[in-house]
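Chain residues, written in single-letter form:
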Amino acid sequence: NAGVTQTPKFQVLKTGQSMTLQCAQDMNHEYMSWYRQDPGMGLRLIHYSVGAGITDQGEVPNGYNVSRSTTEDFPLRLLSAAPSQTSVYFCASSYAGQYGYTFGSGTRLTVV
Amino acid sequence: DAKTTQPPSMDCAEGRAANLPCNHSTISGNEYVYWYRQIHSQGPQYIIHGLKNNETNEMASLIITEDRKSSTLILPHATLRDTAVYYCIVRGWSGSEKLVFGKGTKLTVNP
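These protein sequences, in sequence, are chains W and G.
Take 1 as the starting number for the first sequence in the numbering used here and just add one per residue.
Take 1 as the starting number for the second sequence in the numbering used here and just add one per residue.
Hint data in this document are derived by calculation from the structure and do not stem from the laboratory.
It cannot be assumed that every hint is accurate.
Unchecked claim - No more than 25 Å apart at the CA atoms, straight line, and that leaves these computed lysine to any residue pairs for SDA-like:
{"no.": "1", "chain 1": "G", "residue 1": "69", "chain 2": "W", "residue 2": "99"}
{"no.": "2", "chain 1": "G", "residue 1": "52", "chain 2": "W", "residue 2": "96"}
{"no.": "3", "chain 1": "G", "residue 1": "103", "chain 2": "G", "residue 2": "81"}
{"no.": "4", "chain 1": "G", "residue 1": "106", "chain 2": "W", "residue 2": "60"}
{"no.": "5", "chain 1": "G", "residue 1": "69", "chain 2": "G", "residue 2": "7"}
{"no.": "6", "chain 1": "W", "residue 1": "9", "chain 2": "G", "residue 2": "81"}
{"no.": "7", "chain 1": "G", "residue 1": "98", "chain 2": "W", "residue 2": "53"}
{"no.": "8", "chain 1": "G", "residue 1": "3", "chain 2": "W", "residue 2": "61"}
{"no.": "9", "chain 1": "G", "residue 1": "106", "chain 2": "W", "residue 2": "14"}
{"no.": "10", "chain 1": "G", "residue 1": "103", "chain 2": "W", "residue 2": "83"}
{"no.": "11", "chain 1": "G", "residue 1": "98", "chain 2": "W", "residue 2": "57"}
{"no.": "12", "chain 1": "W", "residue 1": "14", "chain 2": "W", "residue 2": "53"}
{"no.": "13", "chain 1": "G", "residue 1": "98", "chain 2": "W", "residue 2": "14"}
{"no.": "14", "chain 1": "G", "residue 1": "98", "chain 2": "W", "residue 2": "58"}
To be verified - Selected chain G positions facing chain W (in silico; Cβ < 10 Å):
{"no.": "15", "residue": "12"}
{"no.": "16", "residue": "25"}
{"no.": "17", "residue": "46"}
{"no.": "18", "residue": "53"}
{"no.": "19", "residue": "54"}
{"no.": "20", "residue": "101"}
{"no.": "21", "residue": "103"}
To be verified - Pairwise CB distance ranges (calculated):
{"no.": "22", "chain 1": "G", "residue 1": "25", "chain 2": "W", "residue 2": "57", "range": "25 to 35 Å"}
{"no.": "23", "chain 1": "G", "residue 1": "25", "chain 2": "W", "residue 2": "41", "range": "22 to 32 Å"}
{"no.": "24", "chain 1": "W", "residue 1": "12", "chain 2": "G", "residue 2": "10", "range": "32 to 42 Å"}
{"no.": "25", "chain 1": "G", "residue 1": "51", "chain 2": "W", "residue 2": "108", "range": "34 to 44 Å"}
{"no.": "26", "chain 1": "W", "residue 1": "22", "chain 2": "G", "residue 2": "16", "range": "41 to 51 Å"}
{"no.": "27", "chain 1": "W", "residue 1": "95", "chain 2": "G", "residue 2": "81", "range": "39 to 49 Å"}
{"no.": "28", "chain 1": "W", "residue 1": "27", "chain 2": "G", "residue 2": "16", "range": "32 to 42 Å"}
{"no.": "29", "chain 1": "W", "residue 1": "108", "chain 2": "G", "residue 2": "110", "range": "25 to 35 Å"}
By construction, the Cβ of each residue, glycine as well, lies at the ideal position given by its N, Cα and C atoms.
Pulled out of the complex, with its shape left as it was, chain G reads as follows (with noise of 0.2 Å):
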């Protein structure tokens, strides 16, 4: 049963923000949001997770909606090397919570 639900692809030009949404409208006060990426044929990388905050790193932002049924991961300059698969993951901490991937969005970057 998804958890999370995102666009299958986007599209966004090189150097602009890339937006990405996710709705987790069924989402438990102990889950937490994640985000991973995977580059063609690479293993997935960890991006950001967030709680109810929102969270901002070296690779990007992530804003939670107030009611935490969506957030929306940010990249604010997209370049070539962003194109990759983008996966929203809710997810426990607490226990032996695992970590169950969805289809995700493929995130084009245009030149």
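Just chain W, same shape as in the assembly (with noise of 0.2 Å):
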């Protein structure tokens, strides 16, 4: 199926452990990006990639690591985790220019 696939879903992790979240889109999109949201709050950009090779940084990218290897994988990586950064987190996908942005179903994050 055609789409943005998030996986795990659901993760609980012990802080300072590491992990990282993956996102594989099979739609041939250039812009990948990745976002968190905390409980009864928007969606905050991490960070954002514009094709293979390129990332940058959204609005909260501290603590989080990212590559952009291939066209089709955005993976998010979690350093050492803190109690801060359970969130649920959403990978996008989208074609260059005006279209809009497909959403994966997130993954639920949990940092005891």
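Put the complex together from the two separate chains, hints included.
Okay, here's the thing in structure tokens:
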């Protein structure tokens, strides 16, 4: 099925652990982005990419790393998880230009 | 810095048209107006976008004023499933324009 696939759907981490949230799309989209959404709040942009090999910071990049080695994949890495990173994470992709973004179903992360 | 202003909440009766306003008085010439919605705990869903002409698709209509400083998203026959947070976003399309969300409008469709 075409779309944006995020794995895992749920994850519990201990403080200080590292992990990678996976995001893959099969629509040949150039643009990809990561957002986090805390309870009762809007989405905040973490990192984004306009093509393979190109990434840039969004509004809240601290504590997160990204890379874009292929068009299809845009993983988000937490190097040392903190309770403040407990959130729902959404990945999105789009064709370049004026087109709308397609969002994944989210990863619900809890850091204890 | 917020580029758009939306009312925090609105109510609408089922079967009636829902008209969601958005102010974007600082919009520039190459920026589009986008609308997304987020139904409880799901990923946001793209609805529609426009530059200066009114647009319509199977989900909604978008009316942009002639001076482009405001717009209205119209759901012609709202259903209970349209209850969601609706986001109006202004975004350019050239280069590395990112998609930044504001607080949106919580639309509640009542039976």
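| query | For this structure, which hints from the list above don't hold up? | reply | Numbers 9, 12, 13, 15, 16, 18, 19 and 27, in rising order.
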